[in-house]
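Model the full structure from these sequences, guided by the hints.
Protein sequence lines correspond, in order, to chains A and B. Each residue of the first sequence is one higher than the last, beginning at 1 in our numbering. Each residue of the second sequence is one higher than the last, beginning at 331 in our numbering.
If you are wondering where the hints come from, they were derived from the structure by calculation, not from laboratory data. You may find that some hints are simply not true.
[Unchecked claim] Derived contacts from chain B toward chain A, CB cut-off under 10 angstroms, selection only:
1) Val482
2) Phe516
3) Ser748
[Claimed, not checked] Heads up, incomplete: computed chain A residues facing chain B, CB under 8 angstroms, no partners named:
4) His98
5) Asn100
6) Val181
7) Arg293
Glycine is no exception: its CB is placed at the ideal position from the N, C-alpha and C atoms.
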Amino acid sequence: MATAVATPSVRRHRFGAVGSVGRRPLVRFIVKRVLQAVLVLFFVATVAFFIIRIAGDPVKALLPEGATLQQEQQLRHSLGYDRPLFLQYLTYLNNLLHFNFGQSVFFQQSAISVITQRLPATVQLATAALVFAVVVAIPAGIISAVRRGRATDSSVMAAVLIGQSTPAFFVGIVLILVFAVELRVLPASGIGGFQNLILPAVTLGLYSAAMIARLLRSSLIEVLGEDHIRTAKAKGLSPMRVIVGNGLRNAALPVVTIVGLEVGNLLGGAIITEQVFSWPGVGRLTIEAITNRDYPLVQATVLFLAVVFVGVNLIVDILYAFLDPRVRLS
Amino acid sequence: MLYPKEGEPNMSAWDLDRRRFLRLGGVAAAGVTLPALLAACGSGGSSSGGGSTTGALRVSMPADVKSLDPQKQGDIPSMSVASNIFDTLTTRDANNNLVGGIATKWVAVDANTWRFTIRPGVKFHNGEPCDAAAVAFSINRLVNPATKSPIVELVYVKSAKVVDDHTVDFVMSASDPIIPEKVSLFGGVVVPPKYLAQKGDAGFAAAPVGTGPFKFQSRQQDNQIVMTGNPDYWGTKTQIKTLTIKIMPTPATAIAALQSGEIDIATGISPDAIAQLGDNSGASAHKVPGVREYYVAMNTLTGGPLANTNVRLAMNHAVDVPTLINTVLGGAAQRTPSLLPQQVFGFDPSLQPFDYNPDKAKSLLAQAGFPNGFSTQLSASTVDQDVTQAVAGQLAKVGIKCNVNIVDATQFKSLLVSGDPHAMGPMYLSGNTGWTLDGESFLQSTIRSNRRQSLWHDAQADSLIDVEETSLTPDARKQAFNQLQQLMATNAPFVYLYHASNVYAVRDGVDWTMPINGVLAMASAKVS
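Next comes the structure, spelled out in structure tokens:
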């Protein structure tokens, strides 16, 4: 690529100086995606509203078995659940438009504040798990791809397979028994210092690490077989530069997608890890809300998780369009 | 063509921009992740290490509190925390006797009035006096529908009124002989009226103020609640300086935390988790009687085999309760011959449990016209599925083939209280919790013909229920309970099983016994 010299004018043309031709499809693409996202959120909100009402009644879950029918009716009335379902739905949608997610029946505080109180713990755990996953997966994927078919590749892939197929509750308990009970170097549960974060982050990040490593390996193997790699090698570039500079960069695209989706998974799907490590996150809250048939809280958590997934997908889509022009032109 | 084809000279420009973009992306990603990690590092690690030398006690609890407002919760975890911060009108001593709390005396003036004498000189943690006005305010707040309280025991209390500074009357809409028992826990918590007026309901729930042996310090939802010993407590002052309740939903984790020294007492653990403790672990496991009574209810109202008394007696002879307790329940239960545990008021000590006798069961089935048994359905909640499967297995040995129907716990409870007694099918395994320690709590939903879970109608039983639920004479109530239990033994509308034990583990050097109601009242704990 000896002729590859960028000029400032070309660069402006690419990334949209004012009035550039290249910008409009991207803007149109983003607007379209955002509108789709809003539509998806509306459907999620509606489905959550009706499904949880089919599943049971918060009044029955809230009151002890000895409650009288009159006490039950009184509570149902004061919560507004004796109103016609369609009216409840309209009120719910109207409240949503005003960013009012309702009052949790069990916690007797606004559903959104119940969620936001647990959000920092979830974000902390998801971030640490993702960092762990990426830090482990990238070297593992590269080593495996470069040493394809050799003993190193087989052992890394065997480790990856174990990481991907071992359930979180098992990994979690084993880590607790080894590092908390036997070695006594890390705490068994709860949130607090950095030490508290290590075991749950490893437990949660293990599956993602395995997945990213496998994907990176196959993607990298494909790229390393391409002509431009041979050219780069022929130019006498060091193997490291060829792999990182030419191979990894081209193999990154599918990995970016998966890492993006994993962000959603890690933020919403840490239920088992949170349960095992007594981590006060959104996953445990979701289970609690469903068990209690806490309508407003279930609706709010489902919507929150939907926003996370839709948001992450949106960012990944836009990133993709940014990285690969074919996407936005299709 | 907006972007250059591969091989065109300005391809390098795209390359360069993408490179820059990726570099920027990397910086942005680091920017997002680092603060979170640094925040995690910065908060420092203080979770492990024994606090016991400084009078600290750390106790695990399987679920978080619903609310720190004691009148807006109705579950044992919430009551556990509330019982340390607040006092109730009456309470239970170590031998489960009903003794005074905020009230020193109580008497039923007539069928429609209960009179409580209030302890003088008690103050809330903020200095506010806990007098008759505060007690009346608390009861009126509880029974006001606007409070949306899930506490239902004071159903016949219309209101409370101040008679003088130290006397409060409960005005009743119907006679209720066990009001003093009902105000020993949920219904009897006294809250500070002035503080509530200042802070509002939300402010009160965020920083509760009571009269109890501990003062609230902080709470992190789903993680922990910290309280400090109240040096000005009116009763016996606690030796504990700092009490931390840690929320640990997984029993195996709680045991591991006990073994690693992160907590001093693990509660909410299952009997099989005790095996994890092993010998020389520096902690010991305990099983003490609890107040949840288990039974199999049979629908006698829809004809078929279950309408036949001999079939129901056969079922009682076919279930080997001691084996169930020793195997499935790991010994964490005590057998009961009726729906009442031995520790509650009204239990008839002359009653003997049915002996396990499959041959007798088979001959009773033959007498009833079912020599080859029959097929039926046994429903239960997911929580009780192991014991339900075992009961079904034992019934199968005498020819009663049960299709086991396991229902999600919340759904199960909804069906149970649905108002349709047939919603549960022909048979179901369930339990009654009676923290009042009075027989009424164990019979009220299932026995009288007009009750929601009643599957056996008997006029004599109905009139006996009326006596025990309304009579203000303890002897008359006791007699009614005895007759009821005899009637229930001869008619066998239930298979009588056991009452479950409370299981917990305590680190060596810590002395505490869990009360029968399972509430974590920690003031009496001692740490050496």
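Taking the hints in turn, this is what the structure says about them:
This hint holds: valine 482(B) has a C-beta 4 angstroms from the nearest C-beta of chain A, less than the 10 angstroms allowed. Because the smallest distance between the Cβ of phenylalanine 516(B) and any Cβ of chain A comes to about 9 angstroms, under 10 angstroms, the interface hint for this residue holds. Residue-level restraint check for serine 748(B) holds (minimum Cβ-Cβ distance to chain A is 8 angstroms; threshold 10 angstroms). Given the 8 angstroms rule on beta carbons, the hint for histidine 98(A) is violated: about 20 angstroms separates it from the nearest Cβ of chain B.
Checking asparagine 100(A) against chain B: minimum C-beta separation of about 16 angstroms lies over 8 angstroms; hint violated. Hint status for valine 181(A): holds, given a least beta-carbon distance of 5 angstroms to chain B, under 8 angstroms. For arginine 293(A), the suggested interface contact is upheld, since its CB lies about 6 angstroms from the closest CB of chain B, less than 8 angstroms.
Hint compliance for this structure: hints 4, 5 are broken, all remaining hints hold.
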